[in-house]
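Trainee: Listed below are the residues making up each chain.
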Amino acid sequence: MRTIEQTTQEVLDLASKHFQLPPGSLAPDDDFFKKLGIDSLQTLELLSRLENYFGIELPDYEVQGVSDFRTLASRIQSRL
Amino acid sequence: MLDLAQYESIGAALKDALDQFADETCLIESDRNRDKERLTYRDFKERARPLSKALQEAGSRAGDRAAIIMTNQSKWLISAYAIFFCGGVLVPLDFKLTPDEHWQLLRHSGATVLVTEFPIWRQLAASDGRDRAANLRTVLVTEAPPSADLAGALHWEDLRGTGDPPFVTRSRQDLATIVYSSGTGGRPKGCAMTHENYLEQCMALTSIYPFSPGMRYLSILPSNHAIDFMVGFFGPFICGATVVHLRTLRPEFVREAFPKYKITYVSLVPLVLKNLQKGLQARFDALSPGRRRIFDVLVSINKALTKRRPHLALSRVLLKQVHEAFGGELHAIIVGGAFSEPQTLQFFYDLGIPVANGYGLTEAGTAITVNDLKPFRGDTVGKPLPGMEVRIAHPDKDGIGEVMVRSKTIMSGYLDDPELTAETIVDGWLMTGDLGRFDPSGHLQLFGRKKNMIVTEEGKNIYPEDIEAAFESLPVKEFCIFAANYIWPQRSMVGEQLVLAMRFDSGQSLTEELRRDISSRNSRLLNYKRIHGVVLCDEDFPRTASLKIKRNVLAERLARLDRAAAVVPL
Chain L
1 MRTIEQTTQE VLDLASKHFQ LPPGSLAPDD DFFKKLGIDS LQTLELLSRL
51 ENYFGIELPD YEVQGVSDFR TLASRIQSRL
Chain X
81 MLDLAQYESI GAALKDALDQ FADETCLIES DRNRDKERLT YRDFKERARP
131 LSKALQEAGS RAGDRAAIIM TNQSKWLISA YAIFFCGGVL VPLDFKLTPD
181 EHWQLLRHSG ATVLVTEFPI WRQLAASDGR DRAANLRTVL VTEAPPSADL
231 AGALHWEDLR GTGDPPFVTR SRQDLATIVY SSGTGGRPKG CAMTHENYLE
281 QCMALTSIYP FSPGMRYLSI LPSNHAIDFM VGFFGPFICG ATVVHLRTLR
331 PEFVREAFPK YKITYVSLVP LVLKNLQKGL QARFDALSPG RRRIFDVLVS
381 INKALTKRRP HLALSRVLLK QVHEAFGGEL HAIIVGGAFS EPQTLQFFYD
431 LGIPVANGYG LTEAGTAITV NDLKPFRGDT VGKPLPGMEV RIAHPDKDGI
481 GEVMVRSKTI MSGYLDDPEL TAETIVDGWL MTGDLGRFDP SGHLQLFGRK
531 KNMIVTEEGK NIYPEDIEAA FESLPVKEFC IFAANYIWPQ RSMVGEQLVL
581 AMRFDSGQSL TEELRRDISS RNSRLLNYKR IHGVVLCDED FPRTASLKIK
631 RNVLAERLAR LDRAAAVVPL
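These protein sequences, in sequence, are chains L and X.
Sequential numbering of the first sequence, starting at 1, is according to the numbering used here.
Sequential numbering of the second sequence, starting at 81, is according to the numbering used here.
No wet-lab data here; the hints were simulated from the structure.
Please read these numbers as outputs of a predicted model, since none were measured by experiment.
Don't take each hint at face value.
With a Cα cut of at most 30 Å, we get these calculated DSBU-like pairs of lysine-lysine [as the list claims (entries may be wrong)]:
(1) Lys609(X) / Lys34(L)
(2) Lys358(X) / Lys400(X)
(3) Lys557(X) / Lys628(X)
(4) Lys35(L) / Lys176(X)
(5) Lys17(L) / Lys354(X)
(6) Lys17(L) / Lys358(X)
(7) Lys454(X) / Lys34(L)
(8) Lys17(L) / Lys628(X)
(9) Lys540(X) / Lys34(L)
For the chain X half of the interface with chain L, some residues (derived, Cβ under 8 Å), not all of them [said to hold, decoys possible]:
(10) Thr151
(11) Asp174
(12) Pro199
(13) Arg217
(14) Leu351
(15) Ile505
(16) Met511
We put the beta carbon where it would ideally sit given N, CA and C, even for glycine.
Whole structure, please, built from the sequences with the hints as guidance.
Mentor: Okay, structure coming up:
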């Protein structure tokens, strides 16, 4: 079983890769809308990628209002 | 299709539709790639009956207000119908608001019943606003686990009265809904809509874009949105068409839904339409040079043949692969909620996919103008719908002035706000606050806004005053938020931004610490409500005798500054 720290790191790594950013350029408390300059649709694409990676289904309502990686990771962790 | 001129209320029309189209498929609900539910109109009626009965047994009476906070799904529409059946007033709320905003609107609307989903209720019940909405008597929660602690709420699925409930009649002038066009801050703007508003709007819209049994509407815009309520519920239902709901709006599932369900109509906001365009363009650009040349020739032929009006059958043959990706039966994409860029609309029309763009406001009962595609005009928002009187107030030398509208679809007013109603509806005319002009062929063109607000590409109305609470106690002498285009008027309906105007205390400056404070507060706002920069003022804000900021005077002062230099980005 992953720890929340591991899940958070994996979320950050995957987001960096998805948006072609250098590894380590994202932090847990970063606001992904602002840091990545993405809109809500691109966020949904990232969620699909995360679902495939972690092998979970993350309903849309679970990520409603979430804008930082730490909270996103905690929502994923609760479904692992 | 029912003749709505014969009906007095939404409930009465829907009730007859459920009988008339009993064997037609009414709703399809899909979760990812699984069909979750398929209901005929008869099934729908059977699902709604025990709920209506239970609501009546719980004391629901004509005119009582009932709110729905749910994502798009069959239980949204079943609950709405049950509320209308009982003579209730529906309060459809945006499920994307925060719990605090939900409680505020629940109190403001005076709702006695709330229908919501378990994940939403979990958040609402855990927030501390419930005591502010003491008017709420009954909360119904869908899809809750049997053992869940519902904090006094009831399981939607368990609320089943037995026997036939009596239908409660309403008249055309009675209140049907309270729809919040925005204003979750200090001044909620609850549009009080009558049954007549909906009956008239639906007749006008379906005269141009009719539904019929067998047609399938893909419901993506939230059901609480005026557009989806009209073209994703009332419109298709009174024509016996099918509404498709997706529980997951990930792009891949939306894409799959078009061919899977052979979608006829879909409504999108401009942001989604633009993304769809980008995706298609990337696919076209990836074609080999030879295939690309053939494709471009076919597009040119399609353009020439559809110059005067769409020829769907022809376009589907010429550009078969593009149309197959959309299921091959798409009649039109309805785009609304915000302004669409003409080149995006033209892109789709050139592929033989008409985009029904238009212009509307919740206050006007959804749509005011719509493109009738005879011929397609991407550079305008179309002609007024039947029954709409549209004029330009005080036009300037270019013919541009404020768009004003009079029709039976105009709301009766803002709930509990006679002052704002009097400012907005003048001598029976709705003053839209949008600037436009008519071209010689009677098409309306829009050029910007007169009022201090923005509409995002996602179709969200943002009133700057509503965001100021997030900056409360900011350590500066005074501040207020503006739509940048309100200060520096632009002849544009896109790319609108918010700015924070600040007046410093003597000796104060924009330090890194203050900048961080502003950014941190900004990041707590939903992304579409965020400010893009700050404007520093060198004199105190003008205020009224009661110390309210005179926003219009302050905007005039700020307008003397050069926009590019004055707005400091965050």
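Trainee: Each of the hints needs a verdict: does it hold here or not?
Mentor: To see whether the hints hold, each was checked on the structure:
1. Under the criterion of a C-alpha separation no larger than 30 Å, the hint pairing Lys609(X) with Lys34(L) is consistent with the structure, at around 12 Å.
2. Of the pairs offered as hints, the one joining Lys358(X) and Lys400(X) holds, with about 19 Å between alpha carbons and a cut-off of 30 Å not exceeded.
3. Restraint check for Lys557(X) and Lys628(X): the C-alpha separation of about 14 Å stays at or below 30 Å, so the hint holds.
4. Straight-line distance between C-alpha atoms of Lys35(L) and Lys176(X) comes to about 22 Å, which keeps the hinted pair within the 30 Å bound.
5. With a CA separation close to 24 Å, the supplied pair Lys17(L) and Lys354(X) stays within the 30 Å bound.
6. Distance hint between Lys17(L) and Lys358(X) is fulfilled; the C-alpha atoms sit about 21 Å from each other, no more than 30 Å.
7. A distance of roughly 42 Å separates the Cα atoms of Lys454(X) and Lys34(L); the hinted pair therefore is violated under the 30 Å criterion.
8. Using a Cα cut-off of 30 Å, the hinted pair Lys17(L) and Lys628(X) is violated, with the two alpha carbons roughly 50 Å apart.
9. For the proposed pair Lys540(X) and Lys34(L), the alpha carbon gap of about 18 Å is at most 30 Å, so the pair holds.
10. Annotation: interface hint on Thr151(X) holds; nearest CB of chain L at approximately 6 Å, less than 8 Å.
11. Contact between Asp174(X) and chain L, as hinted, is not supported at the beta carbon level, the nearest pair being about 11 Å apart and thus beyond 8 Å.
12. The beta carbon of Pro199(X) is positioned within 8 Å of a beta carbon in chain L (closest approach about 4 Å), and the interface hint is therefore held.
13. Interface restraint check: Arg217(X) against chain L, minimum CB-CB distance 25 Å, threshold 8 Å, status violated.
14. The beta carbon of Leu351(X) comes within 6 Å of a beta carbon in chain L, closer than 8 Å, and the hint placing it at the interface holds.
15. Taking 8 Å as the C-beta contact cut-off toward chain L, the hint placing Ile505(X) at the interface is violated, the least distance being around 33 Å.
16. Against a cut-off of 8 Å between C-beta atoms, the interface hint on Met511(X) is violated, since the closest Cβ of chain L lies about 31 Å away.
The structure fails to meet hints 7, 8, 11, 13, 15 and 16 from the earlier list, while all remaining hints are met.
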